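Peer 1: Here is how the chains run, residue by residue.
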Amino acid sequence: MTTQKPEIIDESGDKYKYGFVTDIAADSAPKGLNEDIIRLISQKKGEPEWLLDFRLKAYEFWQTMKEPTWAKLSYDKINYQDLSYYSAPKQKAKPKSLAEVDPELLQTYEKLGIPLKEQEALAGVVAVDAVFDSVSVATTYRQKLAEQGIIFCSISEAVKEHPDLVKQYLGSVVPYTDNFFACLNSAVFTDGSFVYIPKGVRCPMELSTYFRINAKNTGQFERTLIVADDESYVSYLEGCTAPQRDENQLHAAIVEIVVNKNAEVKYSTVQNWYPGDKDGKGGVYNFVTKRAACRGENSKVSWTQVETGSAVTWKYPSCVLQGDNSSGEFYSVAITNNHQQADTGTKMIHIGKNTTSKIISKGISAGFSNQTYRGLVRVAPNADNARNYSQCDSLLIGTHCGSHTVPYVENRNKTAKLEHEATTSKISDEQLFYCEQRGIGEEEAVSLIVNGFCKEVMQHLPMEFAIEAAKLINISLEGSVG
Amino acid sequence: MTKTPLLEIEDLHAKVADKEIIKGFNLTINEGEVHAIMGPNGAGKSTLSNVICGKPGYEITSGSIRFKGKDLTKMSAEDRAREGIFLCMQYPVEIPGVAVTTFLKHSINAVRKYHNLPELDTMEFVKMVREEGKKLGIDNEMLKRPVNVGFSGGEKKRLETLQMSILKPAFAIFDEADSGLDVDALKVVAEGMNGLRDGKRSMLIITHYQRLLQYVVPDFVHVYADGHIVKSGDKTLAAEIEKDGYAAYTREK
Amino acid sequence: MGGLVQKVKLFGEYIPWLQAMRDKGALTFDDLGLPTPKTEAWKYTKLRDLNTDDLVIEPSNFLAEMRVTAEEACGCHHEDEGCGCHHHGEGCCCGHHHEEGECHCHEEGHVCECQQKLHVPFDAYVIHFEKGKMIPPFPDFPRGVEVMNLMEAVITEDAKEYLGKVADIKLHPFAALNNAYMEEGIYLCVHKNVKVDKPIVLINHTKSGEENIFFNIRNLLVLEQGAEAEFVEWYNYTGAVKSRYFANVVNEIVLGKNAKLSHYKLQDEAFKANHIALSVVKQKADSNYHNFCLQRGANIGRNEVKVLLTDENASAEVDAAYIMSGWATLDTTTDILHLSPRTFSSQLVKGVVGGEAKGVFQGKIHIAKDAVQTEGNQLHRALLLSDTAEIDVKPELEIFADDVKCSHGAASGELDENQLFYMQSRGIGREEAKQILIDAYLEEALDKVKNPEIRAWLSDYAHAPQE
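Protein chains in written order, with this note's numbering: chain G, 42 to 523; chain Y, 62 to 314; chain Z, 3 to 469.
Just chain G, same shape as in the assembly (with noise of 0.2 Å):
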């Protein structure tokens, strides 16, 4: 049995990081960063030393780089040296029941339709290991899926068990060069998922079932790799649709995904970390860098997001098209409210020959809050016959947010036909009087109406995500109208 041990809850690294914090806390964590830390994550994790050199590298870059400022966001400087980059850095005394936790939580959850099981769990009244009947039912799909090869497991895990194919495939799609915060990121990881699919195998199931209650706590700096070989295909869920109250301020994940010939990878995130209070008061600053690198022909990658959380977002999940005819899709709806800012979109690399793209957005601003598209597509001088088709539509409700439209068109190659076409409006007074007159209540309406407006993108989610998903759209719209 020792040897099923490590399951779902030391994959989300749960275990080390309390193992950490024991340790520790005992040495009076110290916060900053410096090559000693990280020399520590290295050690304390029992890396090998090319990851180690992997992460001094990074750190060595990143402090040559600037944090960028190209985004339409405004947030306080961010003091990188009074954080600790080691995972759960506070452990506040728990709450011994339901009773304690805040009242507005549980009325979210309860929105939700979340079991109360779950809801202890998410609330964390208790430890997520002694709650979770699942675990068993976790390493039951576990079995089921090693049967068939597939790797599922921490990426902690992943170095130590498979270091030839992390090695491979790490930082191979978003090197630590990329940017500032993917840079960060490579130099302190603490954990995140490792998912390999190999030759020919469909993977049986949305490799998901699991996450809601086992990704919370993978830490500020989660780190996830997915690989999926020649005609292989999986289903990949991220996120949780239930608010986490996550006191960590900074996240900088890093996903990267590789897809080889004839595969295809489907990645879905529902985001709704802590936004922070009604007059913009703490929120998470998330700032992912999240990739995927069509490498064989006929590969295909779809990213599908909903974004409802954060205090300020900063993300672009993008496929760069190596393969002939790869493809890439796009589906977002990001929600902001209250003070909440978002500055989303993706990036569609057109390298190989006949590969198409498409990128739908919809954006919703409400209360106080500001969002903005922004997105590229480049087709390379060989990239003959690229298409791409984007659409970005907004909706703003009330008259204190701001939405924003930025798309960066390059086009190096005659053949390719590319389409852009973006809309920005407000539900009408027409539309909400047609529904009132047939009895509709007015946030009722609104909800109806932003969910027809979403539409097209929560049909890529899997149908029980999306239903969660749409539920999560009216409570983050709550107290936006009237």
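Hints were generated in silico from the structure; no laboratory data involved. Just so we're clear, the structure is a prediction, and the values are computed from it rather than from any experiment. Be aware that a few hints might be false.
What the hints assert, rightly or not - As a list, the in silico EDC-like pairs of lysine to aspartate or glutamate whose alpha-carbon atoms are at most 20 Å apart: (1) G:K185 <-> G:D205; (2) G:K458 <-> Z:D449; (3) Y:K135 <-> G:E483; (4) Y:K174 <-> G:E484; (5) Y:K292 <-> Y:E303; (6) G:K467 <-> Y:E180; (7) Y:K174 <-> G:E471; (8) Z:K407 <-> G:E202; (9) G:K467 <-> Z:D32; (10) G:K496 <-> Y:E155; (11) Y:K76 <-> G:E471; (12) Z:K9 <-> Z:E42; (13) Y:K166 <-> G:E202; (14) Y:K195 <-> Y:E185; (15) G:K458 <-> Z:D32; (16) G:K152 <-> Y:E180; (17) G:K107 <-> Z:E42; (18) G:K86 <-> G:E202; (19) Z:K407 <-> G:D365; (20) G:K113 <-> Z:E42; (21) G:K467 <-> Z:E15.
Stated by the list, open to error - Residues on chain G that point at chain Z, a partial pick, calculated with CB under 7 Å: (22) N423; (23) G439; (24) T440; (25) V447; (26) Y449; (27) N452; (28) K458; (29) T464; (30) T465.
Glycine residues also receive a C-beta, built at the ideal position from the N, C-alpha and C atoms.
With chain G held as given, fit chains Y and Z onto it using these hints.
Peer 2: For chains Y and Z alone, coordinates are given in the frame of chain G:
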């Protein structure tokens, strides 16, 4: 037989953007009655229906509107609808992405909830919508399409009629229900309207032409000009107007 | 010594407010420097080919100009026999150069090139510039239309209210530079409710020689309440096409309540020359501004139009077309600021890019908070003709009000093979078929030009085959 008044409008004055459109309008509609209001273009006929239904942007400066004895003017648009007022619109708006069935479900459940009735079970609901749809020539494919998006004029009117037959309002207003319809579509709509005449339900048909009134015969006909009723009569008045036009009524001032 | 920053003697250095503006321009330019690829507003238009080192600024002849009369202006010929060019003192630009001022090029039905370049084929008030310097005299304008050399308007203080106050130089390094050299250009004022009967055309003709000259033109156009006018800018050249002269133009435009201006431009500079222009327009209530710019020349050509719809019900249409080949970079940049409720804008830009050229379109629609019931639409389409052509597009919406309707669209592609084949199958040669399709492609944008004569004139240039 004593008549129970359903809608009572007394000396109503209303304005849009500082312009008085309704000027001293009086009308009582009893249970089971079908009234028609005819008037020239620009007389403010649509304003009247919007004011009754509580569309924002209209200001009642004086007078009263009572429905089942309740003061309507204090109610929100959705509560008026839930009380049983249905406006069959001349130009129903498009709502992209929202399927007809989804919309109908939200609508009927909101109304049921208001009357403390349980929400309809999905199967039950779908069955009902399909049955009612069939009567109006609305197939399942159309029910899946987003509300009014890309609908032809006839399809829009049929959808309005479908909603009415599902919500079964106590009082329905038809705002130029015949505009843009060919004879066949007009008959379908008229059938839907006649199907709802049960001696209790009341209707107000607002129209420019007499055409629709040949299929849905009103109990009373009123001529509306310059913000109020200038003449009332029975169905023969409609024929008269068809013959002589509105000129005789718009000259005053 | 060459370069963009040179010490030159300019007219009116003793006028404090003028000089202060120039000094501020110089300081601001010094501060901003030339845009780099990291400058967002210049992301796609690389200035490494600008080659400013050997640029020469010709000394001011402003005072001399003021004195010159029509007869003295042209040494080479006279109206009834000559080519009509106004090249005083240097003879005719057609190459048949005669010190004595006698041009023989009109024998044998020869049409002097400069005649074409100076002849406006429609009835208009024509103002001539050469190498950025005004050539008197002005035509006779009707009552209520005041046209002066900019410096004259500085002396009379007519220009004082708006000059330098419409264009924000902190955002535009080349406008700052233009401030620093502020001297040449016109001041045009159309008085209240006056409708100018004919288009006013400003021709800047560069007869390029060996030297790579650098010149600045600054125009200030004021249309008072209810005034209406058409203003045409035409930049062209004769002579050595290899001259790398640099034209830096700034237009400041103020439209009063209910005023209406149609502003057309043909940029047909020498293919090694650089042309950077900025027009900033401030619009009062109910005013309408239409801008159409056709770019077809220059190495780097940038036409930037910034419109401030400051009051209700102001509307602007900013349309453009570009056609290019060789190594050129042609940049069309727009920035429409909706600052009040119920303001309207629309944009249509179409381009055809061949050779190793690069087309750039950056278009921004900004809608300020409270600028409700506003509509802003924008469409850019480009056609790529060669494997080495490039097109970079950045349409941008920046919206802070909820009750608005905004859209933008961008598309690029190549000529439709099916259409080409169809025409070939009807006996039309492939090249001709291509030309027909290109013409049709640009036609949509040219159709936006309301004045039929001006549209026909621009069409001739849009359809001229590229080398």
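Peer 1: Does each hint fit the structure? Answer for all of them.
Peer 2: Here is how each hint holds up against the structure:
With a CA separation close to 23 Å, the supplied pair K185 (chain G) and D205 (chain G) exceeds the 20 Å bound. For the suggested pair K458 (chain G) and D449 (chain Z), the alpha carbons sit about 25 Å apart, so the restraint of at most 20 Å is broken. Only pairs whose Cα atoms come within 20 Å are accepted, and K135 (chain Y) paired with E483 (chain G) is accepted, the gap being roughly 16 Å. A distance of roughly 15 Å separates the Cα atoms of K174 (chain Y) and E484 (chain G); the hinted pair therefore holds under the 20 Å criterion.
Between K292 (chain Y) and E303 (chain Y), the direct Cα distance comes to roughly 15 Å. Compliance with the 20 Å bound is thereby established for this hinted pair. For the hint linking K467 (chain G) to E180 (chain Y), the alpha-carbon distance of about 30 Å lies beyond 20 Å, and the restraint is violated. For the suggested pair K174 (chain Y) and E471 (chain G), the alpha carbons sit about 24 Å apart, so the restraint of at most 20 Å is broken. Of the pairs offered as hints, the one joining K407 (chain Z) and E202 (chain G) is violated, with about 56 Å between alpha carbons and a cut-off of 20 Å exceeded.
Proposed proximity of K467 (chain G) and D32 (chain Z) is contradicted: the alpha carbons are some 44 Å apart, above 20 Å. With a CA separation close to 15 Å, the supplied pair K496 (chain G) and E155 (chain Y) stays within the 20 Å bound. The hinted pair formed by K76 (chain Y) and E471 (chain G) meets the criterion: a straight-line CA distance of about 18 Å does not exceed 20 Å. A hinted pair counts as satisfied when its Cα atoms are at most 20 Å apart, and K9 (chain Z) with E42 (chain Z) does not qualify at roughly 30 Å.
Among the hinted pairs, K166 (chain Y) with E202 (chain G) is inconsistent with the structure: their alpha-carbon atoms are about 53 Å apart, more than 20 Å. With a C-alpha separation of about 16 Å, the suggested pairing of K195 (chain Y) with E185 (chain Y) holds against the 20 Å cut-off. Taking the CA atoms of K458 (chain G) and D32 (chain Z), the gap is near 42 Å; set against the 20 Å cutoff, the hint is violated. In summary, the hint linking K152 (chain G) to E180 (chain Y) is supported, as the alpha carbons are separated by about 17 Å, within the 20 Å threshold.
Taken as a hint, the K107 (chain G) and E42 (chain Z) pair is honoured in the structure, with Cα atoms around 17 Å apart against an allowance of 20 Å. For the given pair, K86 (chain G) sits about 13 Å from E202 (chain G) by alpha-carbon distance, which is consistent with the 20 Å threshold. Our distance criterion of 20 Å between C-alpha atoms is broken by K407 (chain Z) and D365 (chain G), whose separation comes to about 39 Å. With a C-alpha separation of about 13 Å, the suggested pair K113 (chain G) and E42 (chain Z) falls inside the 20 Å cut-off, and the hint holds.
Distance restraint check for K467 (chain G) and E15 (chain Z): the Cα-Cα separation of roughly 54 Å exceeds the 20 Å cut-off, and the hinted pair is therefore not satisfied. For N423 (chain G), the suggested interface contact is broken, since its CB lies about 9 Å from the closest CB of chain Z, more than 7 Å. At its closest, the beta carbon of G439 (chain G) sits 6 Å from a beta carbon of chain Z; the interface hint therefore holds under the 7 Å criterion. Look at T440 (chain G): its Cβ gets to within about 5 Å of chain Z, closer than 7 Å, so that hint holds up.
The beta carbon of V447 (chain G) is positioned within 7 Å of a beta carbon in chain Z (closest approach about 5 Å), and the interface hint is therefore held. Interface hint at Y449 (chain G): satisfied, since its Cβ lies 5 Å from the closest Cβ of chain Z, which is below the 7 Å cut-off. With its C-beta approaching chain Z no nearer than about 5 Å, N452 (chain G) sits inside the 7 Å limit, and its interface hint holds. Taking 7 Å as the C-beta contact cut-off toward chain Z, the hint placing K458 (chain G) at the interface holds, the least distance being around 4 Å.
Interface restraint check: T464 (chain G) against chain Z, minimum CB-CB distance 4 Å, threshold 7 Å, status holds. A cut of 7 Å between beta carbons decides the hint on T465 (chain G): the least distance to chain Z is about 4 Å, and the hint holds.
Of the numbered hints stated above, those contradicted by the structure are hints 1, 2, 6, 7, 8, 9, 12, 13, 15, 19, 21, 22, listed in ascending order.
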